[in-house]
Amino acid sequence: MRKTAVIAALLSFLVCLLAGYYAALWRGEQHPAETQAHAVLEEKKRIHAGTKIVYQYFYTQDRVMKKHIEPAPEFLQGLDLEQLKSIYTGWQVVFFSSEQVVLRCSIEGMSDEVYVLGEDDGFLAVFYEDGKKQLRLKERTELPLSALPDGEARQLQEGMRVIGEENLAKVLADFMS
1 MRKTAVIAAL LSFLVCLLAG YYAALWRGEQ HPAETQAHAV LEEKKRIHAG TKIVYQYFYT
61 QDRVMKKHIE PAPEFLQGLD LEQLKSIYTG WQVVFFSSEQ VVLRCSIEGM SDEVYVLGED
121 DGFLAVFYED GKKQLRLKER TELPLSALPD GEARQLQEGM RVIGEENLAK VLADFMS
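Residue numbers (full-length UniProt numbering): 1 to 177.
These aren't lab readings, by the way, just hints derived from the structure by calculation. Bear in mind the structure is a predicted one, so any value in this text is a computation, not a measurement. One should not assume that every hint holds.
As the list claims (entries may be wrong) - The calculated lysine-lysine pairs, modelled on DSBU-like cross-linking and capped at a C-alpha distance of 35 Å, are:
#: 1; residue 1: Lys-66; residue 2: Lys-52
#: 2; residue 1: Lys-138; residue 2: Lys-67
#: 3; residue 1: Lys-138; residue 2: Lys-66
#: 4; residue 1: Lys-45; residue 2: Lys-66
#: 5; residue 1: Lys-138; residue 2: Lys-52
#: 6; residue 1: Lys-138; residue 2: Lys-85
#: 7; residue 1: Lys-67; residue 2: Lys-132
#: 8; residue 1: Lys-67; residue 2: Lys-85
#: 9; residue 1: Lys-3; residue 2: Lys-45
#: 10; residue 1: Lys-3; residue 2: Lys-133
#: 11; residue 1: Lys-132; residue 2: Lys-52
#: 12; residue 1: Lys-132; residue 2: Lys-170
#: 13; residue 1: Lys-170; residue 2: Lys-85
#: 14; residue 1: Lys-132; residue 2: Lys-66
#: 15; residue 1: Lys-85; residue 2: Lys-66
#: 16; residue 1: Lys-52; residue 2: Lys-67
#: 17; residue 1: Lys-45; residue 2: Lys-170
#: 18; residue 1: Lys-85; residue 2: Lys-52
#: 19; residue 1: Lys-67; residue 2: Lys-170
#: 20; residue 1: Lys-67; residue 2: Lys-133
#: 21; residue 1: Lys-170; residue 2: Lys-52
#: 22; residue 1: Lys-170; residue 2: Lys-66
#: 23; residue 1: Lys-170; residue 2: Lys-133
#: 24; residue 1: Lys-67; residue 2: Lys-45
#: 25; residue 1: Lys-52; residue 2: Lys-3
#: 26; residue 1: Lys-85; residue 2: Lys-45
#: 27; residue 1: Lys-3; residue 2: Lys-66
Whenever a hint applies, use it, and build me the whole structure from the sequences.
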């Protein structure tokens with residue numbers, strides 16, 4: 001009698017297990033639109049004109065985090081996460097969606113080293129922010145803005161903020177090459 005009860009309990013358990021498995025399979029087949037919607041959402045995760053780009057700068061010496069928010073520049077529009085990572089190799093992508101992208105960079109140095117690339121008499125110039133947030137000319141290069149593509153020249157005329165001596169050297173090297 002006891003053997004019969006154990007066998008009946010095992011058979012009941014197996015039947016319930018199989019029923020649950022087939023119910024889960026059937027439920028998955030009934031909702032293929034959800035998987036298609038998920039695939040469409042994955043496709044839509046691209047940067048567009050309305051995407052906000054948040055740049056976070058972490059300074060290692062004084063452990064300060066600063067952030068700068070701007071609309072997505074034209075050269076980033078249409079990119080997905082992997083393409084963005086290939087451009088911002090020294091940055092960590094903290095968050096990525098079509099509405100907002102958060103990029104973080106660790107900078108060796110103090111948080112008060114702020115430079116602005118701009119124009120001085122038609123040439124690429126480097127300005128720095130003094131203690132009163134006033135721009136002072138640090139250096140005027142020999143590179144005329146007219147030698148740059150229109151988008152880059154326009155961006156420099158508006159002023160391009162660069163944080164830290166290391167980043168300044170990289171950006172200047174990119175413009176000079």
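Evaluated hints:
Restraint check for Lys-66 and Lys-52: the C-alpha separation of about 16 Å stays at or below 35 Å, so the hint holds. Note on Lys-138 and Lys-67: the hinted pairing holds, with a Cα-Cα distance of about 24 Å set against a maximum of 35 Å. With a C-alpha separation of about 23 Å, the suggested pairing of Lys-138 with Lys-66 holds against the 35 Å cut-off. Note on Lys-45 and Lys-66: the hinted pairing holds, with a Cα-Cα distance of about 26 Å set against a maximum of 35 Å.
This hinted pair checks out: Lys-138 and Lys-52 have alpha carbons roughly 30 Å apart, not beyond 35 Å. A hinted pair counts as satisfied when its Cα atoms are at most 35 Å apart, and Lys-138 with Lys-85 qualifies at roughly 32 Å. This hinted pair checks out: Lys-67 and Lys-132 have alpha carbons roughly 19 Å apart, not beyond 35 Å. Annotation: proposed proximity of Lys-67 to Lys-85 holds, straight-line Cα distance about 19 Å (limit 35 Å).
Between Lys-3 and Lys-45 the CA atoms are separated by roughly 59 Å; this puts the pair beyond 35 Å, and the hint is violated. Taking the CA atoms of Lys-3 and Lys-133, the gap is near 87 Å; set against the 35 Å cutoff, the hint is violated. Annotation: proposed proximity of Lys-132 to Lys-52 holds, straight-line Cα distance about 28 Å (limit 35 Å). Among the hinted pairs, Lys-132 with Lys-170 is consistent with the structure: their alpha-carbon atoms are about 26 Å apart, no more than 35 Å.
Distance check on the hinted pair: Lys-170 and Lys-85 sit about 18 Å apart at the alpha-carbon level, within 35 Å; holds. Proximity of Lys-132 to Lys-66 is assessed by CA-CA distance (about 18 Å); at most 35 Å being required, the pair is judged to hold. Among the hinted pairs, Lys-85 with Lys-66 is consistent with the structure: their alpha-carbon atoms are about 21 Å apart, no more than 35 Å. Straight-line distance between C-alpha atoms of Lys-52 and Lys-67 comes to about 12 Å, which keeps the hinted pair within the 35 Å bound.
For the given pair, Lys-45 sits about 29 Å from Lys-170 by alpha-carbon distance, which is consistent with the 35 Å threshold. Among the hinted pairs, Lys-85 with Lys-52 is consistent with the structure: their alpha-carbon atoms are about 16 Å apart, no more than 35 Å. Distance check on the hinted pair: Lys-67 and Lys-170 sit about 19 Å apart at the alpha-carbon level, within 35 Å; holds. For the proposed pair Lys-67 and Lys-133, the alpha carbon gap of about 16 Å is at most 35 Å, so the pair holds.
Of the pairs offered as hints, the one joining Lys-170 and Lys-52 holds, with about 24 Å between alpha carbons and a cut-off of 35 Å not exceeded. Our distance criterion of 35 Å between C-alpha atoms is met by Lys-170 and Lys-66, whose separation comes to about 19 Å. A C-alpha spacing of about 23 Å is found between Lys-170 and Lys-133, which places the hinted pair at or below 35 Å, so the restraint holds. Restraint check: the Cα-Cα separation between Lys-67 and Lys-45 comes to about 23 Å, which is no more than 35 Å; the hinted pair holds.
A distance of roughly 69 Å separates the Cα atoms of Lys-52 and Lys-3; the hinted pair therefore is violated under the 35 Å criterion. A C-alpha spacing of about 14 Å is found between Lys-85 and Lys-45, which places the hinted pair at or below 35 Å, so the restraint holds. Between Lys-3 and Lys-66 the alpha-carbon distance is near 72 Å, which puts this suggested pair outside the 35 Å criterion.
Figure legend: structure checked against the earlier numbered hints; hints not met, in rising order: 9, 10, 25, 27.
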